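*Asks:* Okay, here's what each chain looks like letter by letter:
Number of protein chains: 2
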Amino acid sequence: MDGNDQMTGAESLVRTLVKSGVSVSFSNPGTSEMHYVAALDRVEGMRCVLGLFEGVCSGAADGYYRMTDKPAATLLHLGPGLANSAANLHNAKKAGSGIVNIVGEHATHHIKYDTPLTADIEGIAKPFSHWVKTSPNPGTVGKDGAAAVQAARQGCGQIATLILPADCAWTPGGEVAEPLPVPSQSKPNADTVKAAAKALSSGEPAMLLLGGRALRARGLELAGKIAAKTGCKVQGSGGTARLSRGAGRVQITRLHFVVEQAQAMLKGMKQIVLVGAKEPAAFFAYPGKPSILTPEGCTLTKLCAVEDDCEAALEALAAELGATGLQPAGVAQPKRPDKPSGKFTLDGLGQALGAVLPEGAIVIDESVTTGRGFFPFSAGAPPHDWLNNMGGSIGFGAPVAVGAAVACPDRKVICMIGDGSAMYTIQALWTMARDNLDVCVIIFANRSYQILYSQLSDVGAPNPGPRAIDMLTLDRPTLKFAELAKGMGVEGAQAHDLEGLNKQLHYAMNSKGPYLIEVVM
Amino acid sequence: MDGNDQMTGAESLVRTLVKSGVSVSFSNPGTSEMHYVAALDRVEGMRCVLGLFEGVCSGAADGYYRMTDKPAATLLHLGPGLANSAANLHNAKKAGSGIVNIVGEHATHHIKYDTPLTADIEGIAKPFSHWVKTSPNPGTVGKDGAAAVQAARQGCGQIATLILPADCAWTPGGEVAEPLPVPSQSKPNADTVKAAAKALSSGEPAMLLLGGRALRARGLELAGKIAAKTGCKVQGSGGTARLSRGAGRVQITRLHFVVEQAQAMLKGMKQIVLVGAKEPAAFFAYPGKPSILTPEGCTLTKLCAVEDDCEAALEALAAELGATGLQPAGVAQPKRPDKPSGKFTLDGLGQALGAVLPEGAIVIDESVTTGRGFFPFSAGAPPHDWLNNMGGSIGFGAPVAVGAAVACPDRKVICMIGDGSAMYTIQALWTMARDNLDVCVIIFANRSYQILYSQLSDVGAPNPGPRAIDMLTLDRPTLKFAELAKGMGVEGAQAHDLEGLNKQLHYAMNSKGPYLIEVVM
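Those protein sequences? They're chains A and G, same order as listed. The first sequence runs 0 to 520 under numbering that gives the first Met the number 0. The second sequence runs 0 to 520 under numbering that gives the first Met the number 0.
Calculated directly from the structure, the hints in this document are not laboratory data. The model shown is predicted, which means the values in this text are computed figures rather than measured ones. Please note that a few of the clues may not be correct.
Note: identical chains are not told apart, hence a pair may lie in one copy or across any two.
Said to hold, decoys possible - Taking lysine to aspartate or glutamate and the EDC-like style, the derived pairs with C-alpha atoms no more than 16 Å apart in a straight line are: (1) K266 with E174; (2) K479 with E490; (3) K269 with D40; (4) K342 with D496; (5) K277 with D119; (6) K111 with E278; (7) K277 with E259; (8) K266 with E203; (9) K277 with D113; (10) K132 with D190; (11) K479 with E121; (12) K132 with E121; (13) K18 with E174.
Build the full structure now, drawing on both the sequences and the hints.
*Replies:* Below, the structure written as structure tokens:
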């Protein structure tokens, strides 16, 4: 049934996506997407997951990609649907995740009447996409779909947005397209590898700064071997799209969000070799503080960019240095903290998590100010993955957890979110309930945009008055997350001290399906 | 204190906005907006209303403008914050609402480092804005703010987006700018008025098709006078940004969403005069159905566009026809339905509302399929306003209700939303609680995207299979809106039959502050 007069453009798209390896659509469809939806019952191999808000769909596709290295589709309703997905597309783009957005559009002949939903969809897509196309007719839809998947698989992963006019979807004449080859990631040339090796062997204080897929288990192992050989420090970037952690893995820290603390981590370095990482820069600019955090007199050597084959680059560097056969330095030993007790402290929260983190856990970290110090307490926990927000747009956590749980149904997903952040995309809870996703959502409820208190002073506006403070507080009224969860079909409860949290975590780690814990700080 | 070395760019902006008549900021600030927030305690006259999601802020600014004809500001955090606001900006743009978006940006020297939140903010703004500017230095910020307000006040109202780099906000040297004059709206020339008068006096079946501010009380009165003179039909467009209704006002219907029903309303017309309305077109295109709904052989005459002075145009037309002194035709008489009883029916819901609608009520209508037939039951209720979604992006209702309630604290706001629509911007409930806004939210819970069932068949994809149906249903799990409301500090309850609804409505209409009723259909 490849290409015939009976197949609609929409059906050719679903068939092409499946053939190209896309097997999940995170969807929030409307009228213009009905033919895609209708085709799902005629095509095997496409799971359709419904989100109540489009930011849930794009965030889920991000999480799915990070755990599978395979793009998922989103299905979005014209310009406004795409716009609602855009903040989490921004995060996905910065994380190097591949996503194929399918965005419905009015029938081509209808656009000129400027009816309510008419908008410049390509214009909306461009700032958030590497690749944008509007299908001109049903016969090209399959081909355009295959090209979108190819684009999404470029480099480490890209955002591809395919706009599908309704008449191209509903008209017969669709042709299923063959999958297109995916160009392999760039490998570093010998000179680059030699230069990096020379920098690390210079005898000066040196650092391997890792980002992207250099942070997966094999990349870390290679970095550990190189450190064993050269004595260099191994350091993670500020955010990590997916970091392999736990006992048996090379243990690293991330560059701190606070400028002075990040500078302290880099202090004294004379050589920094970048592997899938950019030159270290402050998250925000502040008056009188530097944007670039590299110490003065330090030489930067770029081994590879995030979109290159970071693992191959590290293999080549280890080989160049004769480190391949060494035991890696800095491997974490199995070790768990005792379960903590008493009132909530930030360390206590980190201990409570480290004490129970199950093997294979996927931690989605949008804990903002609360969780910055959690790393040491879970360094020796069983092997797990840790996913950070790479784009800084809050409302990342719960949607990404949806996608990670769809990607890895046998692994426990633990989603840590600040209360302020959680409210941007709280609708994700419903999808967790609907698809019975194995996610433990932990809300750190400090009843404020806590980060902004320090930021006020950092940007040179200390001593906020009552009106300013009013914009940073979330305690009037108090958000009740267990009620919100219940309203969306997710079981949940509050924890008021560390014993309570231990008990809730024990329950959550020993049951399947979504569960929400509100840590009332 | 106009222009000195001590005043930051941010403070000059807040002062300029206040001076130019902007007195409310619907805000979701972050680090880059902290100086604007800090300035609130040094400047009198700016109320700052916090939203937990940016779509609440933009929708609130839309509702505020519709009720005051004055732009409010939004305060948004870089590209992603703007993106989250964009769907409701789309709706506001289509409604002809004026809004001044203030969007924070990295410090100018920081942008080049492409840190997590860096994005093409102007590119994101353009599809949703009539006017976009990035302030280049603190000394221009005030002037740019005044220009943004001027742009927002053009025509019937426009979207103006001012991007404020953090260093332009925090650096001293700000200068408060004087308000800029607002060009008055275009008035029709004598020939246009004569042509419209001729069309209506032709003796052929004729219609005045009204949109924009022609739908306010005075515009309707003038249309009624013209109808009394010429016998023409007076008809509203498909959506109405703000329609004056109730006893003593000229009663009109809106063009139906369903193509065949809209065609029936236009059938037989030979002359249509457009007053702030566009040529009638279908909301969506459907296979084999027309996009344009004007009957064949019907002549269109455009008296004025939505951005022109529609009231002045109708005054001139009435004068030209000698209708100014007449009693308007089609004035609604005071009449209320009896309170209905029994199981829920669509008519019963309309009756329940019509029976209690208080004088001065502001009805925000995102009831989608449920509320299409409500108009007759409230035509004779005390005078009230009725606001529709003009851009078709759902998630419009609750945010617009926030803005309407801030604009008109002495009027009861009634916000009717389908359950599917309500979930896009459910965070608005929290702002209603926080600011104790007098809003009765009525959720019509049919547990589905009900509209899509008919749309499937209309676009030529009837008989959906189980996977397609799964994308249209919201009953697994059931959303519990009273729990969601409770979680955000809003009192609420379910109604299971019309008696229950009557009781809940009685309570809500006789108390102040937010209240949510879930109509379990």
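*Asks:* Against this structure, judge whether each hint is valid.
*Replies:* We went through each hint and held it up to the structure:
With identical chains, the CA atoms of K266 and E174 are never at most 16 Å apart, being 59 Å at best within one copy and 41 Å at best between copies. Taking CA atoms no more than 16 Å apart as the test, K479 paired with E490 passes in both settings, with 13 Å inside one copy and 13 Å between copies. For the identical chains of this complex, K269 and D40 are neighbours neither inside a copy (60 Å) nor across copies (46 Å), given an alpha-carbon limit of 16 Å. Taking the shortest Cα distances, K342 and D496 sit within 16 Å of each other inside one copy (5 Å), while across copies they are farther apart (47 Å).
In this homomeric assembly, K277 and D119 never come within 16 Å of each other (Cα to Cα): the closest approach is 33 Å inside a single copy and 19 Å across copies. For a Cα distance limit of 16 Å, the shortest separation of K111 from E278 across copies, 12 Å, qualifies, whereas the shortest one inside one copy, 47 Å, does not. Taking identical chains as interchangeable, the C-alpha atoms of K277 and E259 are never at most 16 Å apart, the minima being 19 Å within one chain and 59 Å between chains. For the homomeric pair K266 and E203, the shortest alpha-carbon distance inside one copy (13 Å) is at most 16 Å, but the shortest distance between copies (86 Å) is not.
Taking identical chains as interchangeable, the C-alpha atoms of K277 and D113 lie at most 16 Å apart only when they sit on different chains, with a minimum of 9 Å there against 43 Å within one chain. Taking identical chains as interchangeable, the C-alpha atoms of K132 and D190 are never at most 16 Å apart, the minima being 38 Å within one chain and 45 Å between chains. Taking identical chains as interchangeable, the C-alpha atoms of K479 and E121 are never at most 16 Å apart, the minima being 39 Å within one chain and 37 Å between chains. Taking the shortest alpha-carbon separations for K132 and E121, only the intra-copy value of 8 Å comes in at or below 16 Å, while the best inter-copy value is 21 Å.
Taking identical chains as interchangeable, the C-alpha atoms of K18 and E174 lie at most 16 Å apart only when both belong to the same chain, with a minimum of 12 Å there against 61 Å between chains.
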